[in-house]
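**Q** Go by the hints and put chain B onto chain A.
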Amino acid sequence: MNKRITATIFLVLALIIAFVSGQSFLKMYDEEPIVKGPGVTRTEMLSDYFPGLKDSTGDTEIYVLEGAKPGGSTLVLGGTHPNESAAYLASVIMIENAVVEKGTLYIIPRANNSAFTHNDAQEGSPQKFTIETEFGERWFRYGSRATNPVDQWPDPDVYIHAASGQQLSGSETRNLNRGYPGRPDGTQTEQVCYGITTLININEISMTIDLHEASPEYPVINAIVSHEDAMPIAADVAINMQLDGIDIGLEPSPVNLRGLTHRELGDATETFAVLMETANPSQGRLRGATNADLVTEGQDHLYEKAADLGRLFVPFDESGHPIEERVARHVKGVMSFVESMSVYDESKTMIITGLPSYEELVENGVGKYLLPVD
Amino acid sequence: MTLIYRIIVLIVLLLVVWNLFDEDKMKNQANAAIVIIPLLLRVLMIK
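First to last, the sequence lines map onto chains A and B. Numbered according to this note's numbering, the first sequence spans residues 452 to 825. Numbered according to this note's numbering, the second sequence spans residues 1149 to 1195.
In isolation and in its complexed conformation, chain A is listed as follows (with noise of 0.2 angstroms):
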């Protein structure tokens, strides 16, 4: 054949597969909806507390449930890794359900918004999941731990942290929970950490929880790390937590590993701040087929085997650690947190009612707790 010719129904084709894979692709910048509960009293955005981040993939809603009463604040973190999706759920059943009696609540369910905006390569990652609700199935985006590279590119061989001069892997540079405090002409990355601290110290928001998630196999699971001025919040959070029943560890935030929220927004701000992981099969090395099952149900036969062996670091078995159990221990985390708050700090009181209790969100599932999309 001419070689015109199969030129020609090559260029073709590879012009049909970039059609149809650019479209998926682009299909990761829809944002599913959540709907703003009876709690809620305004939204903001991120740039209105930086500007430079207006009209592009960093600027993000801010949801802000506000009491009748004056009292703490806290900030709840969702989504600074989109592929966390317990964290990102968790921040969407606070913003459905709770409602603020006294002090206010912020919460951005979006963090790394330009995270959500793609899956990391050769992962196999759903690009979504969905939970069953009594009015019909809601979805949600699994993203990407760090950064779209089409927002933030090129990485550098090695990552340097601007407050400090720490080296880390190059990739670290999109990472949200490496660039803290941040900076104004930084990176996007550096950006949005940059806006989240603006934030806080604009609003002197008493605590900071920044919710995450990790593979069974990493060592800080099911866990709280903690800055070491929330650390008798912390303790108080882990002990009460630990005596409903719910198994959580406790760890103080290394002083040498800079760049993360329970670190330098400790540092730089007055905020108490924490962060929370559970367990999430569908982040680790040792799964199996990487579906929007494995993220809902989180059940891995694979992981019962290396759970046998001796190799994780939290229990496994044929339950595994579905998305209930998971939301359910940040939503309760939050709750231990802000009462432990109130008591440690009169000052600080905050009243946050209408969230289900860790018992009703394992026995009823997320879905009970999601409201209807109009």
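Mixed in with the good hints there might be a few duds.
Dumping the calculated BS3-like pairs for lysine-lysine here, alpha-carbon to alpha-carbon at most 25 angstroms [stated by the list, open to error]:
#1 A/K819 x A/K487
#2 A/K454 x B/K1175
#3 A/K454 x B/K1173
Since the hints were derived computationally from the structure, they do not count as laboratory data.
**A** Chain B only, in chain A's frame:
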């Protein structure tokens, strides 16, 4: 900087398309066609 990067990628893309039509072997043409896909997606800043 992004514009310069995209211009460089566009030049590489055009060279690969040229190569596609210049190659005699069908196997090499297929290789060139596969390389075109990510370059095209990157020029358009889709992926």
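**Q** Check each numbered hint from earlier against the structure, then list the numbers of those it violates in ascending order.
**A** none
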